[in-house]
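Using the sequences and the hints given, assemble the complete structure.
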Amino acid sequence: MFHLLLPEIVSIREGGAWSKSSKLAFSYLALMHPFPGNLAFSSFALQEAYQLDALQRLLRYVTKRSPFYQEKLRSLSPPSINSLEDLRLLPFTGKEDIQQQNWEFLCTPRSAIREYMTTSGTMGKPVTLALTENDLQRLAYNESQSFQIADGSSEDVYQLALTLDRQFMAGMAYYSGIRRMGASLVRCGPGLPAMQWETIQRLGSTTLVAVPSFLMAMANWAIEQGIDLSKSSLKRAICIGESLRRNDFSLNTLGKQLQARWPLKLYSTYASTEIQTAFTECSAGRGGHHHPELCIVEIIGANGEPVPDGASGEVVVTPLGIEGMPLLRYRTGDVAALHAETCSCGRLSKRLGPVLGRKGQMIKFKGTTLFPTTVYEVLNDVPFVQAYLLEAYSNEQGLDELRLHLQASVQESGQEESLRDLLRSKLRVAPALSFHPAGILQEMISPEGARKAIRFLDRRLA
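Residues in the sequence shown are numbered from 73 upward in steps of one, following this note's numbering.
Simulated from the structure, these hints should not be mistaken for laboratory data.
The structure presented is a predicted model; accordingly, all values stated were derived computationally and were not measured.
Beta carbons: idealized from backbone N, C-alpha and C, even for Gly.
It is possible that some hints are incorrect.
[What the hints assert, rightly or not] Below, computed lysine to aspartate or glutamate pairings styled on EDC-like, alpha-carbon distance capped at 16 Å:
#1 LYS144 with ASP125
#2 LYS337 with ASP228
#3 LYS328 with GLU449
#4 LYS436 with GLU463
#5 LYS307 with ASP169
#6 LYS436 with GLU473
#7 LYS436 with ASP530
#8 LYS498 with GLU449
#9 LYS431 with ASP406
#10 LYS436 with GLU413
[What the hints assert, rightly or not] Quick list of the computed label-pair ranges, beta carbon to beta carbon:
#11 GLN173 with ILE526: 21 to 29 Å
#12 GLY382 with SER305: 19 to 27 Å
#13 LYS337 with SER256: 15 to 23 Å
#14 LYS337 with SER506: 34 to 42 Å
#15 GLU176 with SER490: 51 to 59 Å
#16 LEU156 with SER355: 38 to 46 Å
#17 ASN154 with SER355: 32 to 40 Å
#18 ILE299 with GLU143: 55 to 63 Å
#19 LYS307 with PHE116: 30 to 38 Å
#20 THR446 with PRO198: 49 to 57 Å
#21 GLU168 with SER115: 44 to 52 Å
Structure below.
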């Protein structure tokens, strides 16, 4: 069972200042529910009873400690939250709130912070997340549970093909979770298929954690080098950052191409830095399992009201058990559905379906509404397109326009028009096309200092 680590006496914020007093000693566990361990196999009734108690404690915690929520909840009495349905009485929190009032979310003195991590902001500057020792332990628990959901064990050797620096939470989370699970790990970092394969062959790695498009690059490199992928020590891949599945859980084009080249078991994941919680698929591949002890999940429609299970809407998460910068009803901006039927793995927790796109990235182009991921799905199935970047911008009338920046293997006669015809048949519209040499497009996709590849460039007017 997971235990929070607490000092005997901690500081209390009073009147905007921090004081230290045994009389006023503040116990985190006095406001937050003692951590129960994995609830995924428990009944919905037990899950919801725990979550309601944890939510009430969270409200008492933030109204005592968070300047942002002290102001936000001034007119609300926390005891009026008597059921999880009452969650809708609480205000939403957006990334803009954290961007504009970043340090007003901090609930501990700076001396309690053990890690500063960042995520991209909506207004140019990064958003900082401050984690205490308790938060780091919670993060490790989350990922150890997630890797076990994906059939991992202490016998595995995990190879991390991603960055662990630049204040990147995901890398730290995976690293901590694997250590907590007792498995071995290899910190390879991103890029260089040759180096990844040399490490796999030398150390016998069993699980790769990587972006799916990079897995494809590794598979192609191995095939070119005559490596028999069916005889590799690798048995599974934890896929991050890109979707592998359609809304019906079938593999999308990228997923199918990976499976055709490489007999790996693929597991999709979903997470965001702000919620400090992940949703990971089991072998059934029917959505990322919810950790009910770590967060409350809502799916809301355009009107802000809940939608039925199985219907798509914006993912809203209230993380539980966070000490440094807890959040209430955080709007992720991601569009997905929540599924309640029992999974074949035996877990009773709900599952988050594939992310269809980001609400803020929804495009209305020539009367058609689409998400960038829909365009990616088409391009991933075009053999001569080696790399792409989708640009959205506003025309003189303020309407959305689209341009595809492409790198193609060959420029043949009629190739451009055939691609336009394919886009029209799949999307009902065809963006403008611009072809670039490999070097130029790669600079656009992976600019210096970027932690992630850029596939969508949004230059539309606000």
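Hint-by-hint comparison with the structure:
1. For the hint pairing LYS144 with ASP125, the CA-to-CA distance comes to about 21 Å; that exceeds 16 Å, so the pair is violated.
2. A hinted pair counts as satisfied when its Cα atoms are at most 16 Å apart, and LYS337 with ASP228 qualifies at roughly 14 Å.
3. Between LYS328 and GLU449 the alpha-carbon distance is near 11 Å, which keeps this suggested pair within the 16 Å criterion.
4. At roughly 13 Å between alpha-carbon atoms, LYS436 and GLU463 fall within 16 Å of each other, so this suggested pair holds.
5. For the suggested pair LYS307 and ASP169, the alpha carbons sit about 42 Å apart, so the restraint of at most 16 Å is broken.
6. At most 16 Å may separate the alpha-carbon atoms for a hinted pair to count; LYS436 and GLU473 meet this at roughly 8 Å.
7. Taking the CA atoms of LYS436 and ASP530, the gap is near 13 Å; set against the 16 Å cutoff, the hint holds.
8. Under the criterion of a C-alpha separation no larger than 16 Å, the hint pairing LYS498 with GLU449 is consistent with the structure, at around 10 Å.
9. Between the alpha carbons of LYS431 and ASP406 the distance comes to roughly 6 Å, so the proposed pair stays at or under 16 Å and holds.
10. With a CA separation close to 34 Å, the supplied pair LYS436 and GLU413 exceeds the 16 Å bound.
11. A hinted range of 21 to 29 Å holds for the C-beta pair GLN173 and ILE526, which are about 27 Å apart.
12. At about 39 Å, the CB distance of GLY382 to SER305 disagrees with the hint of 19 to 27 Å.
13. Checked against the hint of 15 to 23 Å, the C-beta distance between LYS337 and SER256 comes to roughly 19 Å, which is consistent with it.
14. The supplied range of 34 to 42 Å is met by LYS337 and SER506, whose beta-carbon atoms lie about 38 Å from each other.
15. Here the CB-CB span from GLU176 to SER490 is close to 54 Å, well matched to the stated 51 to 59 Å.
16. In this structure, LEU156 and SER355 break the distance hint of 38 to 46 Å, their C-beta atoms being roughly 30 Å apart.
17. A beta carbon spacing of about 39 Å between ASN154 and SER355 agrees with the range 32 to 40 Å that was offered as a hint.
18. Taken as a hint, the range 55 to 63 Å holds for the pair ILE299 and GLU143, whose Cβ atoms sit roughly 59 Å apart.
19. A C-beta distance of roughly 33 Å is found between LYS307 and PHE116, which places it inside the suggested range of 30 to 38 Å.
20. A hinted range of 49 to 57 Å for the beta carbons of THR446 and PRO198 is inconsistent with their spacing of about 28 Å.
21. Distance hint for GLU168 and SER115: a CB-CB separation of about 38 Å, inconsistent with the stated range 44 to 52 Å.
Checked against the numbered hints above, the structure violates hints 1, 5, 10, 12, 16, 20, 21; every other hint is satisfied.
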